[in-house]
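Enquirer: This is what each chain is made of:
Number of protein chains: 2
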Amino acid sequence: MIVHPVIELEPWRLRETRLDLEVLGQSESIFALANGHIGLRANLDEGEPQAILGTYLNGCYELHPLPYAEAGYGYPESGQTVVNVTDGKIIRLLVDDEPFDVRYGTLLGHERELDLRAGVLRRRVEWRSPTGQAVRVSSTRLVSFAQRAVAAILYEVEPLDGSASVVLQSELVANEPPPSRGRDPRQAVTLNAPLRSEWFTHRDAHALLVHVTRESGLRVAAAMDHLVQGPEGTESRSESEPDLARLTVAAVLERGQCLRLVKFLAYGWSAQRSLPAVRDQVEGALAMARHRGWEGLLADQRAYLDGFWRRADVEIEGDPELQHAVRFALFQVLQAGARAERRAIPAKGLTGPGYDGHTFWDMETFVLPVLTYTAPTAVADALRWRHSTLPMARERAQQLGLEGAAFPWRTIHGEECSGYWPAGTAAFHINADIADAVVRYQRATEDPEFEREIGLELLVETARLWRSLGHRHEEGEFEIDGVTGPDEYSALADNNVYTNLMAQQNLRAAADAAEAHPDRAAELGIDPEEIEDWRAAAEAMRIPYDERLGVHPQAEGFTRHERWDFERTRPDQYPLLLHFPYFDIYRKQVVKQADLVLALHLRGDAFTPEQKARDFAYYEALTVRDSSLSACTQAVVAAEVGHVELAYDYLGEAALMDLHDLEHNVADGVHIASLAGAWIAIVAGLGGMRDHGGELSFAPRLPAALTRLAFRITFQRRLLEVAADREQVTYRLLEGEPLRIVHDGEPLLVTTGAPVTRPALPVPDLPRPAQPPGREPARRVPRT
Amino acid sequence: MIVHPVIELEPWRLRETRLDLEVLGQSESIFALANGHIGLRANLDEGEPQAILGTYLNGCYELHPLPYAEAGYGYPESGQTVVNVTDGKIIRLLVDDEPFDVRYGTLLGHERELDLRAGVLRRRVEWRSPTGQAVRVSSTRLVSFAQRAVAAILYEVEPLDGSASVVLQSELVANEPPPSRGRDPRQAVTLNAPLRSEWFTHRDAHALLVHVTRESGLRVAAAMDHLVQGPEGTESRSESEPDLARLTVAAVLERGQCLRLVKFLAYGWSAQRSLPAVRDQVEGALAMARHRGWEGLLADQRAYLDGFWRRADVEIEGDPELQHAVRFALFQVLQAGARAERRAIPAKGLTGPGYDGHTFWDMETFVLPVLTYTAPTAVADALRWRHSTLPMARERAQQLGLEGAAFPWRTIHGEECSGYWPAGTAAFHINADIADAVVRYQRATEDPEFEREIGLELLVETARLWRSLGHRHEEGEFEIDGVTGPDEYSALADNNVYTNLMAQQNLRAAADAAEAHPDRAAELGIDPEEIEDWRAAAEAMRIPYDERLGVHPQAEGFTRHERWDFERTRPDQYPLLLHFPYFDIYRKQVVKQADLVLALHLRGDAFTPEQKARDFAYYEALTVRDSSLSACTQAVVAAEVGHVELAYDYLGEAALMDLHDLEHNVADGVHIASLAGAWIAIVAGLGGMRDHGGELSFAPRLPAALTRLAFRITFQRRLLEVAADREQVTYRLLEGEPLRIVHDGEPLLVTTGAPVTRPALPVPDLPRPAQPPGREPARRVPRT
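These protein sequence lines map, in sequence, to chains G and L.
Count along the first sequence starting at 1, add 39, and that's the number in the working numbering.
Count along the second sequence starting at 1, add 39, and that's the number in the working numbering.
To be clear, the hints were calculated from the coordinates, so they are not data collected in a lab.
The beta-carbon is built from N, C-alpha and C at its ideal position, and this holds for glycine as well.
Reference excerpt, derived from the structure (chain G facing chain L, CB under 10 Å, subset only):
(1) GLY440
(2) TYR459
(3) GLU514
(4) TYR621
(5) ASP623
Construct all of the structure, not just a fragment, from the sequences and the given hints.
Expert: See below:
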């Protein structure tokens, strides 16, 4: 857990006031900058000390063999892992020949701040070298939202005592040594020198390196250019070699003088384009960066973020820490998805190598719902990426003996990269999760071109998968056997309720879409019989129910299993997956992450309020939250069934997952889906927002600590603000045509200039449900 | 499939009359010689051509890392694989400087025969060299049953035309190059040069090599000595180096002259003993071999086998091929287990590297039942080996969070080596299978020392495992969830009927044994409460039953699953595991090998005759026999429920599995358990022998083709012969005190000198049950 004094949350700022090398990896992730295309970990400018050096380009991966102790048909043979590409962040400093390194000499002062409105990472260090020379180093780093191929750094150094000889080495470094890693399966594969040099050049203050990844054959270009401002006599010299380009600046600074370097960085990669083409592409981006200049890049960044916050901000009164954490969360979600542009949004965004840089179902289930209502074009891009992988998903389905498309459990490029099929191939729910994201995006945006070009085919190919994966039992029910649901502490069960309900929605959505676009449907070979078949399968979908206990089993037989012995499980034995064998975890009643409870949220239309309350209570007692993808969903359903204080606790956990390093692995990158979950916990949880069937409904209820909650969402080209305080709830349409919404069951029409106000909803006083011993969420106590 | 003309079955002989290089690997396995301690594949004397060179010492293995694409808690990190140790079979021949190699020159004649009574492999070749010189080569090879550390070869060469210059090179060769292997998971790991030289020496016609395996650190010694007889002027010279020792014999032979070489081989290995100790051990064995001489070794071999056949022979009239195949099967089972002496009996015996030389549950379930009634001391040895691995099994149980002992799914030394836990760790039934073998051996031998020293602890520790693995459902039943039964086309199911019934027997046997030996039980920490707890769990054991279909589901929910689409499965898509993903195979009704049907055999006391008939018919339609461990069990239950002709067909398949290479992998070694299954299909199938509760019962019924069946079994120090023909069944006690048996429900007392005869039992005329299309067993048509 990151010690609190290190990171402070301020309005619109995340500030680190002390450099704690123990949590260096965590801060590298949390202060990382990205725009969805380029990601720079918050490594120190001078490169060392470091936990994990990381510079990432979305979609740029290396291949590695997936080994198996015992081979099996259909096992993926090749894995993909994110590449630490050419590092352009490095600016080394020598003061009177002493390398600036915080591990030596004396650190007089250290401060870093991530500015959520300016979109920059600022650093200010005062350091006395082992030989006694004190300097102040200031740097400001940005990864441009406006220019997706561009990053830039302003670096300034000034002596604090007398005259100092200063040398700056601004570099591009390829094939940085990888970190040594442990055995945690959530960490990344280690790649050694994955880049083969193809071209290097320098002239004046400019340099460029082009490499090709050894196995995947992707061409990666990185270029830098500089503006140097220093006192009379300042000299610069550039050089380049296969894995290194360097601008060296030498100056003698008197007290009061400053050496100032602006470093422009441009990146590009391509699987297909030639060396000249990729080289020219980054040179072009660099030219535009120079053209805009440092101040221009700052201004563009600010303008981009102003626009985002105007449409997406969430305001919380009564819990400043939560307020800041939620803005941090939204900022990270934006950084992950803003300019991904037909690439995936990885589980860790572009902040670290965790999970090998793979994208999972949480993109569609947790990240895209947030972006749907805050930055919908990013959703269209992400789903266009999924659509672009359809040929691979069709091939995978065919390999598995199925119809339609089987999307991968984990991937960068589109091929299945899961080396453990019970929690990979068998987790077919990803297909329904993609369909769910399509349906949500389409209802929220009414984008007919997307529907025809992208949405229909995604819905149809996933529906075909379900139709072939399930079977009709002799007694008429449609059953889906031997699959793994969201909960990774169960596997290979029959009729997982979440999976079946999501598949049901998928089948119906495909039928609706095919009927809405008969010409495109005909092109996809759909006839009325197939549509009828989908509807019939959806209608007959088996949803098991345990009459004895009066709850839904997570899957067939689940509620007959032995309950996990929580009482004998020590606190240090969580997460269970690192301390107990899968065989034992799978066969007992213990839940890693919301599964049935996620169905209560996403398919809330399929349950009665009484069922929700009973099911929620039952699964609360079994859910250990060893996944970061649980607290937010528990917050949502807790709030719905009336446990508003519990929802608030879970919201706190989701929002502070990374800032407090609750999963102990934020060093590998932040958890984008959990950060998205903070928004979900607020908007769908405390705000009660649901979008079943395209109807937007709300039921805000505040926990005792909060005095006000307000959030803004974009919906069908409108901008709506929902604000709740102790007395009332106000719906304010800020942009667009009048909008029909539902407040706690009551239909409302909201028009611009005419806010609608309703009295605050009562918060029931219910006994708090029990969690497994030791796994209760921390009670949320606002800190100011 | 091995083409019939190549291998001929003759009374007491297996003869190969043509060298077909296409089936060289198969013949290397089938003609392999072993005694349970040393195994020599039937590689040609001259070493080449070869499919797989193989010389094995039981228990001698090398370690290799087990890789995983995604790691998991409790996954074994280290695998064990059988080592091809120093090859002492090699005798190269040069004729007028031309190496004798059947791929060059002209093979004028080739014949090999495995003599099942003499216990030798004879080879006779006539060959004309490329330069036109014709020679006759005769060799006879034996691996001694009497001296377990000894093998020997008689090698003779004579010119057929005129004078010939002949050189023999008799060798010990270490680190032979491994065969290149494919991707079939049933094949072995490839080891390159696993042996590190520790010592080599030679003097006169004698040489010795000592090596240590690189990772496992086992010391292996091989020594040879020779007797050379040739014409005047014959010269010998020996030499040695780290991986090679060689005796070179040079002679000029005139027509009618013969060069005769007797090669004595001795082997030893140890994990603990020093170089001098192991070296002296093999020198000692070699001294005794020389002392007995070639004729003495032959005589000892004959005497040993005469004793075996007198107690174990099976006679079949009406189907000569089957008669010979069954004797071959018994011979191979004997070769695998005779002198294993506190080592395991591997799945392939010592005939090939298949399955990495591992031992599985089939040792206890298929091989030991045969040896229990034919060579019971081998059973005591094998179970003493299991007992010696208890510390590892206890540690594994502890690692898995269980009580008692969890024996490995596959191993050589005792540690779990399965790299795929759903079909390894989860297949807990191996524990009950071991208990079953213990109970059977104890009832058949009445060996009180074994019971106290070995049996009790094995029964108790496995019972403790079951008690901790299962749980009491709130409604009172004892349930065992998330395990894998014998059928490898299902996994991780609840309440597998086979597993639960075998565990029930295990629990009861442990309770009985603890009560029978209260002092030993007290030493093992057993109190009356624990015994009562075992009995209660056994009593409450859940046995699921499908009331709708009137059959037992293989496991909970099995009969609700979709039926495999057999109609759309092409013949070339079997075995399914190589053409379909596990996820699809596991979730459908398709059975690789008898599972519920095996329960019908081994726990036949738990089913009514009507249940057996209905269950058998149901599973016949689902069982594809992609495992060699199925036909024999189907034969047993088919015979019991009245399908005697079907039983005969399955018996034929089991008996000819290897001789006809029905699984297409006999090149990796013969299937010892399937060969054992041939005996089981005859004795428990056609003979109807059962041993439930220690009561020996029979109900012989002959298929139409057979005119007589007779078999001999050893039981409680008696030797009993059961003979059935079309008219009658005769029980003849050949040795021992009067014995109570049961004939078709009727108790009989048999005494020596007073055979009891009963009329032959009627064979019902029932409609033949259906198998999956294309997977019907071949109709057995006797060939003469």
